[in-house]
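J.: Single-letter residue listing:
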Amino acid sequence: MITERDLETAYVAFNRLREAVETVIVGHEKVVRAALIALLCRGNVLLEGVPGLGKTLLVRALAGALGLEFSRIQFTPDLMPADIIGTDIITEEDGHRRFAFSRGPVFANVVLADEINRATPKTQSALLEAMEERTVTVGAHTYALDEPYVVLATQNPIEMEGTYPLPEAQVDRFLLKATVAYPTLEELADIATRTTEGSGIRLPEPVASAEDVLKARDVVREIPIAEGLRDYVARLVLATHPGSAHAPAKVREFVEYGASPRGAIAAILAAKAHAFLAGEVNVRPSDIEEVFIPALAHRIILNFRGEAEGIRVGELLSDVWENVPAL
Amino acid sequence: MTYRETVAAIERRVRRLSAAATAGVALLIPAAAAAVAAVAVALFTVSSTARLSVALAALGIPSVAAVLGFAFRMRRPSRLAQALLRVDVSLGLDARLSSLHEVAKTAPDSFIFRRLEADVSLRLDQWRKALPVSARTVATYATGATCVVLAVVLSTLLQPPHTTADPTDRESIAGEVRGADGHDEPTNPSVDGAIGDAPTTTGADDAADEAERRIDDVLADLGLEGAPADGGGDPGAVELGARDDAATFDALIASLHERLGASGAKLTIDEQNALREAATDAPAPVRQAIEDVLSASSDAERREALETLVASVETPRDASQDEPVASSRVSTEQEPDDEAATIAGDQLLAGLEEESAGGIPPALEGDAAEDATREARTPGSEDAEAGDEGPPVPAEEDSGERAPGSYVLERTPTAIGDDGEVKSYLTTGVPLEFAEEGTATSARVSYEQIESIVAMRELSPEAALIVRTYFEAITEGGS
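Which chain is which? The protein sequence lines are A and B, in order. Each residue of the first sequence is one higher than the one before, starting from 99 at the first, in my numbering. Each residue of the second sequence is one higher than the one before, starting from 45 at the first, in my numbering.
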C-alpha cells in the first residue's frame, strides 16, 4: 500500500521531469504528457508526424532528464533484426574462442525507433518481445531489459513510398499514439530563437532517477477508478466495433475491426497516469476523455470504404465519445 | 452524514426506485389487459356478475402484480455503481464518491480513502437531488392507474350498445301498434321506461338506475321472458303487447255484455274505471258508446248502450284489418336497406293476423275471452271453419279457407304500401300441418321451414336475424 509520502514524492519527481523536458521542447504538451504516461504505465508510444518537428529531440530530452541510457535506431529497409537486438559473435579469451552476445541498441532504457515503418515487418517484429515482455531472446538465451524501459517509435504519415505499415500485432503493443502537430507561430518563433542563439539547445540534466519512475509506477497503479467509469471505458471500447449495439453509424460504416481488450486496459492505465500527473488521487471522467483517442486511435482498422473515403480515425472516435453516455 | 451512511441511503433509494419502476411496469401490463377486457365486457356482456368480476380483477390483479414486482426487485442487487456515478456527475464530484466507494472495498485505511472522504463530505447532503423519481416511472404509474380506472368504469357503468337503442324507433313502433289495433291505450309504463327513457336520461341517478336495469327485466316487462335478448326491442313483441291490451278490452266488453244482458246488474266500480280508462284513447264513436254505458240510468238503457258499444267496437276493428301492415311500414322506413327482411316480416305478421281472424292464434292461444270476442265479431269465421270440410276454394274468392287436403290457399287481406297485395309475396299452395283433433296445439311451423323462404330472398344476415326474432316472438319460442 502506498503512502501519502510516496504519492507526493512521485508527483514532485514527475513534475520536475516534465518541466525539464519542456525547457527543450517548445509546445507539444500532449506529446510530452503521452511520453510520461507511457513511462508511468510501462508502455510504449508511437509518435506520428512529419520530419523536423522535434520527435527525436523529445526522446533525447526525456532520457537526459531521467539520467537513463538512451539509444536511437534509424529504421531502413535493409535493417535486420540482429541490428536491433544484437547477435552472438565469436570472441577469443585466454586462448579460447567462444560465442559472446553483443547487445544491440534495443538494450537501453529509452529507445527511439525512428521511422519504424521504413523497416521490413521482419525487423519491426524484432521489437515485439522487447516492447511487451521487456526481454530479448537470441538463440537459446533470453536477456532481460533494464527497467524502466520505454520505446518511442516515430513514423512519417506522408511519405508512404518505400514504407511497410506496422503489423496490427505490433501496433497494438503501443500504449498510446500521439500525433506531433506542426508548431504554432509563437512556438515556431520560440524554436528558432532557442536553436539559433547562444549555445543552442542543451539537453536537460537528470532531475529524476529510474527508482523514481518505478515508485511512481506503483503509485499510479494504486489510483482508484470507479466501477462506473470502468464500465464506461468498456462500453467505449465496444462501441468501436461495427457489430456492437453501442456503435455509432460511422463506425458501422467505415470500421473493419475495433479496438482490442488491450485498448481498454491502455485507456484505464493511461487515465490513471493522467490523473496522477494532474495531482488527483482518483480517475475522473475528464482523464478518460483526455486519453481516449490516443489510447485507441492506432487500434482501429478501417475497412476499404473508410480508407477510400479518407476517414480519420480520430473523428470516428470523437463520434464514439459523443454517442456513448457515461451514465 | 458520513460516507458510509450516505452510500447506505443511496443504495436504499436506488433499490426502491428500481423496485418502483418494476412495480410500475408490473402494474401497467395487467392494467392495460384489464382495460381491454373491460372494453370487451362493456361492449358484449350484459351479466352484472361478469362485469363485477372484471371490475374486481381490474382492481386486484394489477395491484397484486405491482406488489409482487416491487418485492421481487427489492430483493435483487441494485446498480449502486451507476447510482454513485450519477451522484458524482450531479454534484460535480469528479467521480470522487464512486472512487471512494471503490477504495472503501479494497483499502479503507489508505490515505486515498481519507482524502477522498474529506473531499466529498461537504457536498454529500445534496445527493438526493441526483436520484429523483424518473419521469418514465411516473408516466408508467399514471398510465397504469388510468387503465385501472378505465377498466372499472367501463365494466361497471357502460351498458352494451344494444340495450340503448334509439328510443324514437321504439316509440314510433309502439305508436303504430296502438294505432293498428284501433286503441290508443297507454303502453305499459315499465316498458316505456325501459325502452324509451333509458337512453335519454342524463341525470346521474337515472343513469345509474338504467345501468342497473338489465335486458332480461325489460323482456319480463314485455311478457316475453325466454325470448332472445336481441328481441327486447323487436316490433313484433310490442305488437303482441298491444294486442293483449286490445284483447283485454274486448274481453271486458264481452264480459259486460254477458253479465249485464243476463242479470241486469249494474256496473262495478272497477268496470267503470276500466271503461273510463279505455275511453280516453278510444275513437270517438267508441268513446261516445262508453259514455252512454256509464251514464245509463236504467238497466234497459244500459243494455241498449252496451249493444251500441259492442257494435261500435266492431266497426273500427273491421277497419283496422290493414293496421299490422302499417307497423311493418314503419320498419321499412326505419331500415330501407333491409326492405326484403321487412317484407318477410310483413308476411309473417299478416299470417299472424290471418290466424288471429281464422281461429289459429298461436301467440294468444288459450285466451278464452278473446276467442269469445272473435267469434262474436267475425261472422265469417263459421264459414271459414265450415270451409274446412268443403273443396279447396281459390284464394281470390275466399281468403283463409282451409282445404281438405290440409293446406290452404292464403290470401292476405292487406297490402304493403304501393306494392299491392301481400299475396303477391306469398307462395300459394304451401301445405300447412295442422294439429290433430283433440290436441291443444294448433299448426306448428318450425323456423327451419321459414328459413327456406328467407334463404330464397337472399336476405342479409341482419335481416334474417330480424325475421327469426320476429318468428320466435310470435310463436313464443320457435314453433
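Since the hints were derived computationally from the structure, they do not count as laboratory data. Be aware that one or more of the hints could be misleading.
Claimed, not checked - Non-contacting residues of chain B with respect to chain A, defined by C-beta distances greater than 10 Å in every case (computed):
#, residue
1, Ile73
2, Gln126
3, Ile156
4, Leu160
Unchecked claim - Covered, in the sense of this in silico footprint (three residues per stretch, anywhere, with C-beta under 8 Å from a C-beta of chain A), are these stretches of chain B:
#, segment
5, 127-135
6, 138-152
Yeah, the Cβ is synthetic: ideal placement off N, Cα and C, and Gly gets one too.
J.: Does the claim that Ile156 of chain B lies off the interface hold, with its Cβ farther than 10 Å from every Cβ of chain A?
T.: Non-interface label on Ile156 of chain B violated, nearest chain A Cβ at 5 Å vs cutoff 10 Å.
J.: Per the stated criterion, does the least C-beta distance between Ile73 of chain B and chain A lie above 10 Å, as a non-interface residue requires?
T.: Non-interface label stands for Ile73 of chain B: nearest chain A Cβ at 25 Å, farther than 10 Å.
J.: Minimum C-beta separation from Leu160 of chain B to chain A exceeding 10 Å: can you confirm that?
T.: Answer for Leu160 of chain B: violated, closest chain A Cβ roughly 6 Å.
J.: For the segment 127-135 of chain B, do at least 3 residues have a Cβ located nearer than 8 Å to some Cβ of chain A?
T.: holds (count 5)
J.: Going by Cβ atoms, does Gln126 of chain B stay more than 10 Å from chain A at every point?
T.: violated (5 Å)
J.: Within the assertion that chain A covers the segment 138-152 of chain B, do at least three residues meet a Cβ-to-Cβ distance smaller than 8 Å?
T.: It holds: at least three residues are needed, and the segment 138-152 of chain B offers 11 whose Cβ sits within less than 8 Å of chain A.
Taken one by one, the earlier hints fail for this structure at numbers 2, 3 and 4, listed in ascending order.
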